[in-house]
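Order-wise, the sequence lines are chains L and C. Counting from 1, position 175 in the first sequence corresponds to residue 168 in our numbering; the numbering is continuous, with no gaps. Here our numbering = 1-based position in the second sequence + 615.
Think of the hints as simulated: they come from the structure by calculation, not from any bench. Built from N, CA and C at the ideal position, the CB exists for glycine as well. Among these hints, one or two may not hold up.
[Claimed, not checked] Listed next, the stretches of chain L that the computed footprint assigns to chain C, with coverage defined by at least 3 CB atoms under 8 Å from CB atoms of chain C:
no.: 1; segment: 41 to 54
no.: 2; segment: 108 to 120
no.: 3; segment: 299 to 305
no.: 4; segment: 481 to 491
no.: 5; segment: 525 to 539
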Amino acid sequence: MRKIRIAVLLLLLLALPAPAAFAQTPYLTYTRSGDGRMSRTQTAYEPIRTMVKFGGESLKMPSDIRLGFDGNLYICDSGNKRVLVVTREGELVREIGGSKTLKSPTGVFVTNDGNVYVADENGRAVVVFDAQGEVIAEYGKPTHPLFGATAPYKPVKVVVDRRGNLYVNSTGNTNGLVQIAPGADGGAFLGYFGANTTKVSFITRIRKAIFSDEQLSRTAGIVPTSVVNMSIDAKGMIFTVSRTGDVNMLRKLNVAGKNILQPDWYDNYPAAVATAQNGNIYVASQNGYINEYTSEGEILFVFGAYDDGQQRTGLFKSVSGIAVDETDTLYVLDEQSGAVEVFAPTEFCNRVHDAFQLFNDGKYAESKAYWTDILRMNSMFSHAGVGLGEALYREGDYAGAMTAFRNGGAAEGYSDAFWEIRSDWLHKHMGTILIAAASLIVCAALLKRLNHRVRFTRFIQPALAAVADVPIVRKTSYGFTVIKNPFDAAYGILRERKSGYAAAAVLMALYYALYVMRKYFSGFLFKTVPDGVYNLAGDFAAIAVVYLLFVTCCYLVSTITEGEATFQSLCVGTAFALIPVLFGTAIQLALTNVLTYNESFFITLVDVVAYGWSGLLLFLMILYLNDFTIKKTIATVLLTAFTALVFAALAFVVYMLVSQLIDFVVSVYGEVVYRFVRT
Amino acid sequence: MSGRRFAALLALFCVICGALGVSAAAEPEASEKSSEEASAKAPEGYEIAARSDEWTLYLRRDTLALIMENNATGARMRSTVPDDDQTKANAKWKAFYRSGIVMEYIQGTVMDYPQVNLVDTPNEKVFDFFDGGFSCEVYYPTLGIAYQATVTLDGNDVCVYIPQSGIREERPSEYTVSSFYVYPFMGYSYLGENGGYMFIPDGQGAIVELEDNEGRYLSPYTATVYGPNVGIVTTTSDTLLGDFVMNQSAERAMIPVYGMAHADSRMAYASVIEEGDVSAAIQASFNGVSNLPFDWITAKYTYRMMYSQQTGPSSGTVNLRTQRAKRFDIRQHFFFLSGDDANYAGMANAYGKFLDEQGVFDRADAARAFDVEIDFVGEERKNGLIGTAAVAMTTFEQAESIISALNADGVAQILGVYKGWNENGITGGRPTVSYDPSGALGGKRGLSQFIETANALNTVVCLDTNLSELVPDTHRMLAYSALKKIDTGTYRRPLYGKVYEGTQLLLTPQKSLELAASLDKDYAANGVRSVSLSGVTELVTDYSFQNTYYDSGDSARFYGETAELLGEERTLALNKPNAYLWRYADMLVDMPIGSSSYRYTTREVPFLAITLAGRMPFYAEYVNDQANSRRFFLQLVEQGARPAFLISDEDPVALMDTDALDIYSSRFELYREMIVSWYKELFVVHEATQGGAITRHAREGDCATVKYENGTTIYINFGQTTSYVGGFALDALSYKVVAANGK
């Protein structure tokens, strides 16, 4: 009998409904790679189900979703003027609201005590329901004078802090979130909170400077971008998302309403934000992308995609809300399809979260195994590189840390590790270095004295003299006269023809070579272009164009202003004036490979000195070559800059005209071929 | 009723449900009937067209509608909706679903495909009945078009044959045939009342349960057999976030098969397209789509289509018809199944047997010893100060060390595939034009030595050979052989790389074959005995070459010849190949483990695995990309697939400045332990099943049960908690192998 019972039980178990499929995700997942760019990684979240029916109820244009403390999902079902309370598996628990109490609900929030706050845009109020669905309060338009008599009050989203204060996002009101203290008669208006800032463009600045007040009043005003959605975390921090088109899209507001987050990645069309228990922030884009940030605002994963009609689980038509539970499972609301897509973190994602948890708790040594495992799964995962680097750094494995930081693209960490290694090396070899330096000095002194007696340098002096007498060498080395005595140099270039085009070309070629080396072969800490990106032709064109444009324009202006400089003299003078930059670049190239961020000041200093010096020499060359006064030289320099701008504009116009002409010819040819030849 | 009796009845009920994988409703027509009764009670308007020991085929002459009846049970499956249906569909739909065969035609150059049917379009039919079936010529006098359809019954196989030679177009300048639907409503279901499911060939395979969808789905599943026809599709479907492609393409329909299973009658069919597959698309429609209450699945065969020809770069188009009809006959089988076979496992086995009869697996070494696939990452290119520079990820010497190390660890047999073995590396090395091993990896001598050593260690080393993709930056002259779409525009796919910017092209199938001929000689001269062919294996397309239209059948023929040529004298592994190429392969690699996760999919099923098990060695997609590695391992156990690892000696961080950014995890040092442990564990499973055929597969809850022909059963628990299956308690994410003797 017992055996039969077991058999029946097992067969019943076999007849249970099938589970979610283990299918390929319809989207790719990206993370930050060590070179700062985004690169592919394993799936972080996979869609496990799509919920469209809730006990026979469907959603119509749902606009917001929150996870209540009872573990249920609260969905603002805007089209049906209600809030649906459903389990995370999609079973209907109850309905709140309806057309009798709500006009057009667009935002929902649930407090710990189970009260449900609904932002009713056309109802011009935030309506509060108790856990049984009865209306217990209503917050209409504040009457406080500071709110502003004309300020609009159309609540679209709402969050509530632990003290019961409401933060209402009112559409069209750009002063910030409306902060309302709880209480009878619509509560008390506390003020505006966390307004977005405005960006003043260059054009606007010019407009402000030259327009009259009347003209300004007729132009479109600069208003801050409106908040699209918001959420509040367990610590009471409010997160807002706005369509600013920059990193200010996501803001984390402290109690004073100040933003304390600077994300390193942004989305152009954020629709909703939510925070997980581990502090990670999720921003859902209207276009169907989900962005997961660390609590510090560093992008961790980007995944998801737009549904172009494929009907694949995990794609979206138009996202309007996101919620996350304690297992980091995501519930993402699609406004157009009226569906809730559920995403579960993968093994890989959980591993990353666990590693971050240990790392943020300061348990670097414990996190090491996790980071190593994550790097096995994705060697380019920058966060893992940084995490492993920190762990190794604290273990004293600076070489390992340096490699890990390098792979993770963490320049600060790399700098610290490099500093330690360099320090160790100096400690070990300081004695040797001192002895070698002293030996060199002694040897030099001995050689000098010996030379006095034996004059062995007489054997190489003729050769050196012969080299120095080679015309190109002589004419190029004349450039050093510019540094020593610019006036004499100018005279020599202009009157005595002591140098020429060839010398200028040699110096510019040298400058180009050093510029390229500085750009592409600097040390990791001071390199300004990404690895693997080279553009020698572009660099050459940039240097050649700027140089020739400057010389040409300067010559034209000098001619008009009766200067004496010839085109050749300006070519040579300009090239010679760049000698300090040339040396500065060489010094910088050497320094970038041995300095850390602690000594980066030296790099800047070299820049300032070299470019300042070259600028001064250039000014003096224009002055002396033209035999101008200082005042006239300043005017010439300014006119040269202006002429260069005119040339650039002219070149652009010509380019556009030629492009259009080519397009026209191609179009005519295409028409002829397709209409008459191939059809 | 005693408790024992009740339990036994309940158990019987559950066994039936379990075998079908559905919670079945009571079966209305499943009562036992004698064959005499069945023949005596032909449905009204129908007559017996053919009869076999197990099945009777009825025909209704006016609409060519069929009914298939099981002689033993009397269970029936209809090919059309009866005339008395009360649905509110419009007249066009009603005519469609009451006709056995529906044709679409093109009128002049009008961009439309009107339908003609056998219900409300005037037509003339001439029947010819013979033993085992009938033939019928259908003539539409208003269009001047006729076609001939032959339907035969052989055992459980109903075969519909429409030869192209039987299609007659009397006024081709006015009316021409566009496409055919062959018994589109075969086995249809009304609001899911039959219970059961439709099988769709999405990747590994998936089923869509028959249930009332309450209008959830708005569009049907449509898949061109063997993948999207890139010569016709004019737009790229990439969803971009900045420069990042965010969407992942859906899995291809690699096999020309679909199916329908009814739970109430325990009857099912697997439909296999024998001829016309390269010009067919499979459509599965669900109740609610087009406001119809039916679930139905069919194949659509296209002979001609209309397209827009752009006349200028920015504006102007003319509508054109393809130059000629595609050249193919339609031959489609419906293999009817009943009882315990009326499920996806039965369908897969029916397809497998069909392929056996076709001799598809004659060449494959089904008994090949269990091995693991190791794909080596060879050379890739990064930008240098001038030109590009090599990034050597695994030199031939290092690959030799890896094989030796694995061998020493107990991995007795390996299938090696070398990617990026030639100059220009993984990305720029496409297509493979000659035997030119990378100097940075060790050159010709290094590669020869590696292959020799590997062979001595039971490792077959296949050289990856891509003969369709073309990176113009490295093969400028080949750009003249780029594939052009039917509108004569060059097919281009954006490349989002750092090194090779711009677009990727495809070679014409003629050029692919030409390159294969040249490579064949080159490989023979250099002793290359194993090749892994990619690119052409995943593609079938219409295209234009020298202003002449070539259809998808032409491309398939060229690709078939390409595979045949390269595999004639050597071991040939095919990458994710379409089914029509399987006959040329020794093994299949990079096979999909899952499906495309369509919302209407109830779950995925290991259809390909069941088809291939015991017939052809097949290897799964890379372990490296899997975010849930344990679950993936269990899927390998479930499907009997062999694991594949992408391996490099160097850290893939070195690829950061290359275009191979999708290789982010491959370092051998970090994978060594995993390869060894997976090999050893899966080897034991393989030994237990003896690499045989799968006879039964069921999935209930989180657990799967797989039965092999040698009696071995494998129970797998994919869940996160302990489950009971087959009388065993299985821990979370674990499995159990039980031999035929119960041990």
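Against the structure, the hints come out as follows:
Beta-carbon proximity to chain C at under 8 Å applies to 3 residues in the segment 41 to 54 of chain L; the threshold of 3 is reached and the given coverage holds. Using a Cβ-Cβ cut-off of 8 Å, 0 residues of the segment 108 to 120 of chain L lie near chain C, which falls short of the minimum of three, so the contact claim is violated. Proximity of the segment 299 to 305 of chain L to chain C, defined as three or more residues with a beta carbon under 8 Å from a beta carbon of that chain, is established by the 6 residues found. Counting residues of the segment 481 to 491 of chain L whose CB falls under 8 Å from any CB of chain C gives 0; the rule of at least 3 is not met.
With a cut-off of 8 Å between beta carbons, the segment 525 to 539 of chain L has 4 residues touching chain C; three or more are needed, and the interface restraint holds.
This entry does not satisfy hints 2 and 4, going by the numbered hints stated previously.
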